[in-house]
Each structure stands twice: as structure tokens, then as C-alpha cells.
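Assembly of the complex is requested from the two constituent chains, each provided in isolation within its own frame, with the hints serving as guidance.
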Amino acid sequence: MKKYTDTGKKDTRSGFGAGLTELGKTHPDVVALCADLTGSLKMDEFKANHPERFFQVGIAEANMMGIAAGMTIGGKIPFTGTFANFSTGRVYDQIRQSIAYSHKNVKICASHAGVTLGEDGATHQILEDIGLMKMLPGMTVINTCDFNQTKAATLAIADHHGPVYLRFGRPKVANFTPEDQQFEIGKAVHLQEGSDVTLVATGHLVWEALLAAESLNEQGISAEVINIHTIKPLDNKAILDSVKKTGCVVTAEEHNYLGGLGESVARVLSQNYPSPQEFVATNDTFGESGTPAQLMEKYGLNADAIVKAAHKVIARK
Amino acid sequence: MPDINYLNELVIQVRRDILRQVHKVNSGHPGGSLGCTEFFVALFQVLMDRNEGFDMDGKGEDVFFLSNGHISPVYYSVLARSGYFPVDELNTFRLINSRLQGHPTTHEGLPGVRIASGSLGQGLSVSVGAAQTKKLNNDPHLVYTLCGDGELQEGQNWEAIMYAAGNKVDNLIVTVDYNGQQIDGSTDTVLPLGNLKGKFEAFGWDVLEIPNGNDIEAIIKTMQEAKSRTGKGKPVVVLMHTVMGNGVDFMMHTHAWHGKAPNDEQLEIGLAQNPETLGDY
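Line order of the protein sequences matches chains A and B.
So the first sequence is numbered by the numbering used here: it starts at 1 and just counts up by one.
So the second sequence is numbered by the numbering used here: it starts at 1001 and just counts up by one.
The following block holds chain B by itself, in its conformation from the complex (with noise of 0.2 angstroms):
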């Protein structure tokens, strides 16, 4: 494992890069991306068992599913931070002609992606599905995926969640990204998810949670928990309690930043209170 001090400054690095992709283009979604910064590095520095290169098969090794998908500044970074592409490509991101798209797809072969999301509420089912194909396999390798929690209003998601209960696919661990925003307010506001922990549990999954999950440790430490409960029968899901905007004061718990870019002077603020570490690209 990367010590500590290399995790957090790549954390740093990352919410550069989120807040310098959607700056050149006056578009993208930094809110949700700052958010899950620590996570993203946790997960593809730490925790998944990753091989050499990309192979859209993933056999031998851990696979990610964002479902999400509008968080691609921070997957795009962290993807190329870890050798997926080269870290310069992020200056394409939402240009013509990109790999980077606005949401993540194959259809332009950007390594590291291997479902195309956007439209909310599918990445559960498709990762449920690699699961399944990796038992098949014999492959004893996990399924990782990050849905949002506004994203759980989606009926589609309680299928799969039933479903994979059902079927006991236990060898996925779900992440929720539980800022409680979403585009109109506060989920609250918008359609409550009430009690989301009891409502996992109902439908049979293991549930834990992360109380701070902008704390790049206790991401760790819950998250390698969750591999340890994984074949035991059950689906296991993560409720990370995030801050949408992490790290950059003016965004920070509101839904305000959600899809917005920083203007010049907010750029130059944010990426003040974020001074450069690994090198920009």
C-alpha cells in the first residue's frame, strides 16, 4: 500500500485536476467528483487488485463500475493517475473528438471503462452481471461499484438490489455516495431516501457505513472490513456519508455545485486551498 502522505497528496492533486477540467470547459459536475475524491484514490491505489493494462474483460482481477457517471472529472483523474492513459489527455475532457466524454462510455476505447453511464440507475444491475459472469469464471476476484444516493430514487436499482440478494451475489461491494444532494436540493426535499441502512438490510444485503467518508483512512479501513464480508452470501453495501465539494470551502454542503463550473476567480480560490503536489498536467 502507497503511504499515507502519497494518498493524500494525490487526493489534492485529483481535486486540481476536477476543478481545472471543468473550468476549461465551463461544464461537468466538480460537486459530486470532490465528494468521492478520497474514495476513487483509496480504491484504485489501495483496495482493488488491478493487473497491468486494461483488458475489457477484466479476468483476474477486480473491476469498477461507476454509476454515476457524471462524476467523470474524478474518475478520468484518478483513471489516469493510475496509468490508465496519459494524465495530459485530461486536458480533452468534453472536447471534440475525445476519449473523455462527458460521461464515461467505451465507445471511444478510454481505458479503464468498461460500461458507459450517464443515464442513472444502471450501473448496479451491469456490475451484478460481472459478478455473475466472474463466478462462471471461477474468477475469485470482487466487483466494485459507486452509485450515488440521489441515483437510488431509480426503480431499476431495487431491482438489482433485490436480485442480488436473492441470488446470493457476494462477491460485489456497492458503494453509496451519501451526500444527500442532488440537482433541485437535498434528497430530503426532493424524495426522501429514508432510512437507506434499514431498507439494504430489509432487502438482505450486509451493510456498513462510513461516517466520514471524505476521511481517506477510514475509507480504507471500512472498505477492506467490506472485502472481508464478501462470500459469506450476501451482497455488501457501503453507505459513505460524503461532502459534496469536499475540499474546496465554497462548494462544500450544498447541491449549488452539483453541474456548475468555477468561474476564473473561483478557480483560482479553489486551487489556492489545494496547492499543487504531483504536478498538474
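In isolation and in its complexed conformation, chain A is listed as follows (with noise of 0.2 angstroms):
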């Protein structure tokens, strides 16, 4: 097994306040807007260092929206920055309109999705975000795993012409990507090679899974693990091929079950090689108030809710 090594824990949100920092030096045509959350969001140093790029539009979702759709007309690239509720849900019409039917490059920065939000509850724990975004024709849809992942994501998505919904978080998690890895949008990173299972994570889910694979291991399982980060457009073929190597699947998501990863890979599967798959995913729920891990844990969503489900879904081979 290839060993994988936390070289701290970092929040993925930083890791896009590190991009944007960067693509403020590199890129004279990256703007960003937020709706009164920048510290939350990490932009403070992109708006020191660029405050005549940097808009601030007070707590007016929509307006932000619309705003960013005007600006790419004339050429510039906007990233806006709220809470992944607030990216999303509050905004689902502006989004469809007037930037993905209207195709315009804008570039939607989430935070703070999911049960891992913690203390502040369901109201800002949005767990239908990635079903939302991935049903707008033409919108890109990217959820990281960490922070070099995101601070990578964040750098390509100013490269890539069009819509694109990142969606990254709060809490600070294990960083092990490499720093110097490339981030190829609609480009799984093959994680683990394994045979008996593939397990399929997103985000969060990511280390989770490869925690998951340690265990399995332990246990006489061999377990390929695929990061997910682009959930559309999907990467097929990493799926096809290793589940028809190990016959079952296993999706790990911080995200509804409906309208999720699993729903994209299960789509795949069905078309091109029924197979079993099991969901490690929240269940047709909101979330609650609590610590990020005591919310993992109770919503079934760490290596041990994974492991679990592989177990179930290689009896089902």
C-alpha cells in the first residue's frame, strides 16, 4: 500500500484563500467578490493585496450573482465567496439565468459545506449543494479534498472557460496531497491500487477513505481508492476500469445521498457495468449543531462507516 502522510492539518478554505492570493499576482483579470464573509472565506490577503478588485457587496447572495455575471462582460474572471448555502440554494435561479444558461465564467467559491460547518447547525449545513450544481447544463462541479488540492483547484478553475462551482469547507483536515500536484479538472487521482473493492470519495470523504483502505488492509482486503474531485464532469473511465477490476463500489461524500457522487457513479455503473455499490453519504436528512467529528460520526460519514460498507457491498458480489 502507498503510505500517505498528513503534513498537517489545514482547512481546505484556506488552501482557496491561497489560490486566490496567488492568482491575484498572476492573473489581472481575477475579481472577487464576497457577501460579508471574507475573513471566513480567506480572501483578506487577496483584498489587501487588491482592493480596487476586490468588491464587497454586503449580505445580497443574488445581487453578488448578477454582479459577477456583468462582470465577466468586458473580460474579467470572478470568483465569488459565501458559505456553500448561501453559493447555492439562495442563489439557484440567479446562477441558472444569468451565469450558466447564459454561459458566463464565473467562478463560485463555497465554503463551509456539509455537517463539518459544526456548532451553527442545519440552516447553514447544506448537503445538497453538489445535486443542485451538477443538474445546470455546462456548470463545472469540483469538491477538494484538502488544502493543496484546493489551493490547485483554485488555481485551474482561472484557466478553465466557463461556470464551475468549487466547493470546499471549514474544518481543518489532513493535508497530503502533494504540494506540487497538478490539479486536472475531470481528472480522478488514483489513490490506491486494490482488487477487491473501489471505494469512490469526494472531498472530506477523501482521507476518510484512505484511512478506510488502511483498515480493510489490515482485515485481507485490498481496497483501490479513487478521489473524486471532479464530480462533473465525471471521470468514467477511472471508475469503469477499476470497478470492473474489484466488482463493487463504495461512494464516500459529505453530501445527500440523493443527487450526490453516488448518484453520478451509480448513473455510470448502470449504463456500462451494473455492479453492487453501496452510499456512505447523509440519508434524506438536514444536519444539527455539534463538533465536526461528533457529526461524521453520528451521520455516518468516516473510514469506519466506510469500512462498514465495504464489508456489505463485497457480500453482495
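In short, the hints are calculated from the structure, not lab data.
Even glycine gets a Cβ: it sits at the ideal position worked out from N, Cα and C.
A few of these clues could be false.
Cβ pair distances, simulated, as ranges [what the hints assert, rightly or not]:
#, chain 1, residue 1, chain 2, residue 2, range
1, A, T291, B, K1199, 45 to 53 angstroms
2, B, R1229, A, G75, 22 to 30 angstroms
3, B, D1003, A, G75, 33 to 41 angstroms
4, B, N1097, A, D36, 54 to 62 angstroms
5, A, H311, B, N1097, 52 to 60 angstroms
6, B, N1097, A, N217, 50 to 58 angstroms
This is the structure:
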């Protein structure tokens, strides 16, 4: 097994902030908009370096999405920043008409996704955003797993023409992606080779999948681990190649099982290579207040849950 | 500036285009289109500084956004007759495989359109963004927007109105089609807009009014005044009092023709009131 080292826990939102800071220096057309959450989104450094390219819109997310769409006309590359809940559900029609249907080059950058937002509770913990965004024609949907990958993704989406939803989070999590790893939109990252079961994970669940693979290995089960950072367009080939080898799959995400990565994988398999699949995801429920670790445990979103799902899916082969 | 006789002839021809477009497909929105015909002709023929051809980025020229996208028939007619696409293409309005969708969109690549609109309340925010990009690009040109009055019931507008004043977006002229009508009735009966002038002023905008928004010379005069007020730290709004259905007597002063097409007989009456001037498509 490959050994992955946590180089120190960091929040993925800080990876976004670091990426945005770098883009400020390298991409003069990048502009940033924020709806009163500059500190939470780690946009302070970009704001300090480029006050003329930073736009504080106040608590008015619908207006922010419209302004961002308008700013593309004349060649700017707007990055909007707010929580995932306010980046998607609150402004769905604005994104749909002014950004997606109008094919505007807006990067919707969303922090505090999922239950790991923690104590603020369900009003702020969106678990439906991947589904909302992947259903929009032409929208690229990315959910990164750690600081380094989030930074790399932030840089990569600036050079991709078209609307993008970039999802990341609040808690400090293991940072294991090599700092120099290029981010290729739509290209899965193979983390472990295995033969008994495929673990397909996105976002914060990728590290948990690596931990699960170690546990499974100790039990004599060989798990392949794939990091799907881009949910749309999905790397169908990577998934199919792996499942053809292992014969079953566990998908893992910090999102409702309805509309998330798991459903996208199920569609690919049902059309090409029907196989047993288990879903590690929230079960059509809202979240609640608690620490991130408590919530991941309660809602079955950790390595233990992935191990259990792996046993279950292998038994179904 | 084209002479006034030509502008008046174009207004009549555009009215014919509007009636014929919606009649052919028995759908679309003639009322608001007819009410804004003089405005569109003035905007595209006189007021805007436009480049030849169409470029999405609109650098080095004035740009326009239609927020109340349902009045697409007047928008399409004036775009075509201002050279953005062949006038004959008006024949395809709302038909399958057309670039002239029911509501305007960039999706089919229709020259002249820079944003999709139809779901109301979004165009003002888009215009503010485009205006701010013009400033970043050191482009001294202006951004024009047309909003419906009923559309101002959408809350997003007021976010944009607050933002534009707070950020001194003063290269923007918003015109409100103030016809007092919406689908379910008059704006006063559906949801009163109250003192619109006072509201814009309270938000920090420079407000002008056109008492007769179907008088093209009055439109040109007030819009020129609006242009002279740009660059002074405040966004500018023009409350343009129009008559819905203007130019077709049975369609005037009522919301009944907001989204309804004339039948064959009604079309003939409407066209007879607006005899062909520059040639039908």
C-alpha cells in the first residue's frame, strides 16, 4: 500500500484563500466578490493586495451572482465567495439564468459545505448543493479534499473558461496531496491500487477513505481508492476501469445520497457495468449542531462507515 | 442623429414587427413591447455609442441589458433593424431551432444579446457588474438597462439599487418602463410600488422622469440629460411613464395584452393603424 502522510491539518478554505492570493499576482483579470464573509472565506489577503479588484457586496448574494455575471462582460474572471448554502440554494435562479444559461465565466467558490461546518447547525449545513449544481447544464462541479488540492483547484479553474462550482469546507483536515500536484479538471486521482473493492470518495471523505483502506488491508481486503475531485464532468473511465477489476464500489461524500457523487457513479455503472454499490452519505436528512467529528460520526461519514459499507458491498458481489 | 421623420417611420415599422411576430406564433408579449418601442428606437438609433458588429465583451462601446426579457419582440425588431442580424430572422420568433427564443438568451448566439433574461429582477445586478468592469478597464462608455416597473417587486433589484449607490456606480443609466401594469392587473392593485421616485432618491440615485415615455423626442431629450448626469458619483435612473400597448388602440391602457397575441382580425386592425413604412420582413 502507498503510505500517505498528513503534513499538518489545515482547512480547505485556506487552500482557496492561498490560491486566490496567487491568482491575484498572476491573473490581472481575476476579481473577487464576497457577501460579508471575507474572513471566513480567507479572502483577506487578496483584498489587501488588490483592493480595486475586491468587491464587498454585503449580505446580498443574489446581487453578487448577478454582478459577477455582468463583470465577465469585458473580460473579468469573477470569483464569488460565501458559504455553500448561500452560494447555491439561496441564489439558484440567479446562477441558472445569469450564469449557467448565459454561460458566463464565473467561479462560484463555496466554503462551509456539509455538516463539518459544525455548531452553527442545519440552517448553514447544506447537503444538497452538489446535486443542485451538477444539474445545471454546462456547470463544472468540484469538491476538493485538502488544502493543497483546493489551492491547486483554485488556480486551475481560473484558466478554465466557463462556470464552475468549487466546494470546500471549514474544518482543519489532513493535508496529504503533494504540493506540486497539478489539478486536472475532470481527471480522477488514483490513491491506492486494490482488487477487492473500489472506494470512490470526494471532499473530506477522501482522507477517511484512505484510513478505511488501511483498516481493510489489515483485515486482508484490498481496497482501491479513487479521489473524485470533479463530480462533473465525471471521470467515467477511471470509475469503470476500477470497478471492472474489483466488481463493487463504495461511494463516500459529505452530501445527501440523493443527488450527490454516489448517484453520478450509479448512473455510470448502470449504463456501462452494473455492479453492487453502497453509499456513504447522509440519508435524506438535515444536519444539526455539534463538533465536526461528532457529526461525521453520527451521520455515518467517516472511515468506520466506509469500512462497514465495504464489507456489505463485497458480500453482495 | 437620424432625422425625426426616419425615427418615427422606424417606430411604426417596429410596431408592425411586434404584432406580426406574436401573431404568427400566437404567443409572446406585445403590450410592454409596444409601450417601449420609442425607447428602443431612441436608444439604438440615437443614444448609444455602438461599434460595428457584435462583440460579447462590448469594450469601447455602450452596452445595453434588457432585464424584463419578455418584451423580446421589440428588442429583436430593433436589434435586427439596427444591423445585428437579418431582419428576415424575425420570422423565426419563438419557433423551434430559432435564435429568437421566447425570452432573450446568449445560448443560441444571437448578436446583440449579452445576458439571458426572463426570470425577472436579475438584469440590474448584471448591469452593475458590467459597469464596474468598464471602470476596471478604464472604458468611459456607459451601461444602459431597461427594467419593468412590476419587476421592481423582485427584492434583488433593491440589493442592486443599494449597492450601485453605495459603490458610486455612476456609469449606469437605468430606465424603468413605468406603465403601471403587470400580468394580474395594475401595479397598484397587485402590489403598489409607492413613491418610486422617492425610493430611488432615498437609496441615493439621481432620478429623472419622462412624463410621456412614448414621445420619442422627449425620450431623447431626457436620456441626453441622463447621460450628462453620469460620472458624478451617483447611478442615474429614468422613470419613463409609458402606455402599455401604445400605438394599437385596443391594446392601450390595459394589462390584457401583456402576454396575449392578436388574432387575424385584430392583427389587421393593428397593422392598419400602423401602415408599412420601411418594409415588412
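Earlier hints that do not hold, by number
Violated: hint 4 alone.
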